[in-house]
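Asker: Required output: the full structure, derived from the provided sequences and hints.
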Amino acid sequence: MSKPALMRQMPQIAHVDVNCFYASAERAFDPSLEGRPLVVLSNNDGCAVTRSPEAKALGIATGEPWFKLAPRAKEWGLVAKSSNYELYGDISARVMELLGRYSAWLEVYSIDEAFLGVKGEPEQLLALGRTMKNAVRRNVGVPVCVGIAPTKTLAKLCNKWAKNNPAFGGVCHWDSVPGAVREQLLGRLSVEEIWGIAGRLTKRLNAIGIHTILDLTRTDPVAIRDKFSVVMMRTVLELNGTPCIPMEEERLGRDQLIFSRSFSTPVTTVAGLRQVLSVYGQNASARLAKHGLQAKVLTAFAGTSPFSGQEQAYPSVCVPLPMPTADPLLLTRAAHALLPNIREGLKYVKVGLMLTDLRPTGNQSPLELFENRHEEHRIGTLLEDVGSRFGRGSIGLGHAGIKSGLDWTMKRNMRSPRYTTHWDELPLVKAA
Amino acid sequence: MGVIVGPRVIDAGASLFSVLISPVPVAAGFPSPAQDYFDGRIDLNAHLIKDITSTFVVRVTGDSMERAGISDGDELIVNRALEPRDGSVVIAVLDGELTVKRLRLTPTGVVLQAENPKYPDIKVPALSELTIWGVATRCLHHV
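Sequence lines, in order, name chains X and L. Taken in order, the first sequence gives residues 1 to 432; the numbers are from the working numbering. Taken in order, the second sequence gives residues 1 to 143; the numbers are from the working numbering.
What the hints contain is simulated information worked out from the structure, not anything from laboratory work. The reader is advised that the hints may include incorrect statements.
Simulated DEER-style distance windows between Cβ atoms [stated by the list, open to error]: (1) L:D86 x X:N134: 51 to 61 Å; (2) L:G73 x X:K290: 39 to 49 Å; (3) X:F263 x L:R41: 28 to 38 Å.
Take a look, some chain L residues computed to stay more than 12 Å from chain X by CB distance [unchecked claim]: (4) T53; (5) T99; (6) G109.
Small disclaimer: the values here were computed from a predicted structure and weren't measured. Even glycine gets a Cβ: it sits at the ideal position worked out from N, Cα and C.
Answerer: Right, dumping it as C-alpha cells:
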C-alpha cells in the first residue's frame, strides 16, 4: 500500500541507539576486545549489565552475577569490565552532539539513545539514517542502528528490526518496508517487545487474546482504553501511525536522570543560559534527593535553532563530579561547565542535563560531609587550585586526596582507563 | 565555517588547553560582535580541534616515530573523521593494538612505515584490510 506524497512529507521520528553501548564504548579504545565475549558489570562489580553479542551467544543473561561467571571466564575467553561512567558519559555526549547536527529536534532519551525529528521522501530518510549511522561510527567509533517511523513507538520497533535483521543494514524505515513484510514481522513479535509494555501487562493482554504486536495493532483503541488505560490506548494509536507520545522533559531511567527542554523563545545570552542551567541543577538535585540517589557524572548540553539562519552549535560537556552527590550547589556548578562553550548571540532553543552513575545515598562517604564543612572556609577552592596545577589527587582532605581514593566505597577492580576525561589515563598508542 | 567549542571535558575546574597571553595590540579591522567578550586567552581547543565529536588525545609509547618528531611519551591529537591519505601519520589497529605509523599508499600496495630505521616496514595487501583508527593531526612534543 503506497501512501500519498503528502503523507510522506509529514514529520517522522528517527530513533538512534548505540548497539551494546557500554561494550562498544570499551571496544572503541581497546581493539583487542573486538570479537571477544565481553560483559560490563554494574556498580560494585555485581552483575553483567551489558553483554557483547559474543557474550549473549554464550547464553549469559543480563543481570547474571559476576561471581557465577568468573569461574568460567577463562574457559570462555570472557572479558569483564567494571562500569566506566566517565568514558560512557563522554562518548554519549559526543554521539548526541553529532546527532544534533542532523535535526532541529533532538530528544536525548537515555545515555545511548535519542529521538530526532526528520522529514523527507523515503529514499531521503533512508539516506539520512545511513549518513547518521556512518558518521557516529566514523567520528566517535561506536556502532548505532536507526529506526525511522511516523511515531516513537514504531521508530523504536524499527530500530529493533534494524538491530536483529542484518538485511536492513542497520537502518529501518517503516514506510519503506512493504506492508506484507511488516505484518509478518509484527505477527512474529510478542507484545512485550513493545516499548513500555512490561511483563504484568503482557499477561493481561494475553488473557484477552492479544499475543503479538499485530494483535494489539488491530485492537480498537477506545475499547483498550476502557480495559487498560489511556497509556495502552496511546500505544495502539502509535502502532497505527498516530503520534501520541510527546517530547519528554524529565525522566528517571534505570541508571540515569535526564532533564531536557526546548524553549519557545530562544535564549541568546550566557547569563540567560546560566539561569536555565541553575534551575535545572536545582531541579535535578531535588529529583535525586526524592529518589534517594546521588550522581557521579553530569552531562550538560544545549542546541541552537536550525531555523534561525544563523550558525548552529550543539555544545555538550561531560563533568565527572568529585564525589557522588545530590548537592544543588555542586550540580549547578558542574552544569555551568557548559557556559564557556556557549556563544553569546546564538539562539539556543534547547538545554538539558543528564545525570549518570547513580547510586543510593546510603553509600556516601563520611568524608564528603567533612569536605563540605570546609567548603565554607574556601578550602574547596584552594584544593581545586592546587589540584588543577599539580593534577587531581595531588592534594586533598584525608583519604579523599589520594588518587582514585574517591571511589573507595565502590569496587571497580576491572575498570578500563578513563581515556577521554583524564589526562593521565589517555589511550596508549604503540610506536614500535 | 566551523563551530568553535571550548574544552569538552572539565576536570579540576580548569581547561586543559588554556594558555594565558599578554594583551597584544591588533590593527583595527572589521569590528567583531564578540569583541566585548574577548578575554585575552588563546583557546587551543579552537585551533587544534576541528571537530570535537571525533577528536581524541592519545599518548605514544616507544621510539619508532622519532624521525617524524614523535617521541616516547608525546601526546597526539587524533581526528577519527579524517580520510587517511598517502603520508598521513595514522593510528592503525595491528594485532589488536593501537599503533602509530606513517601510511604510504603506493602503486604497489599499502605500507605502514616506522620513522626509525630500527623498525621494518609493514606491507598490507590493501587499505580495506587495514583498520585505521584515526589520523594524527598534531603532536604535543615534550621539549
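Asker: Now look at each hint and say whether the structure bears it out.
Answerer: Do the hints match the structure? See the list:
no.: 1; hint: L:D86 x X:N134: 51 to 61 Å; in the structure: 23 Å, violated
no.: 2; hint: L:G73 x X:K290: 39 to 49 Å; in the structure: 48 Å, holds
no.: 3; hint: X:F263 x L:R41: 28 to 38 Å; in the structure: 30 Å, holds
no.: 4; hint: T53; in the structure: 4 Å, violated
no.: 5; hint: T99; in the structure: 5 Å, violated
no.: 6; hint: G109; in the structure: 22 Å, holds
Checked against the numbered hints given earlier, this structure breaks hints 1, 4, 5; the rest are met.
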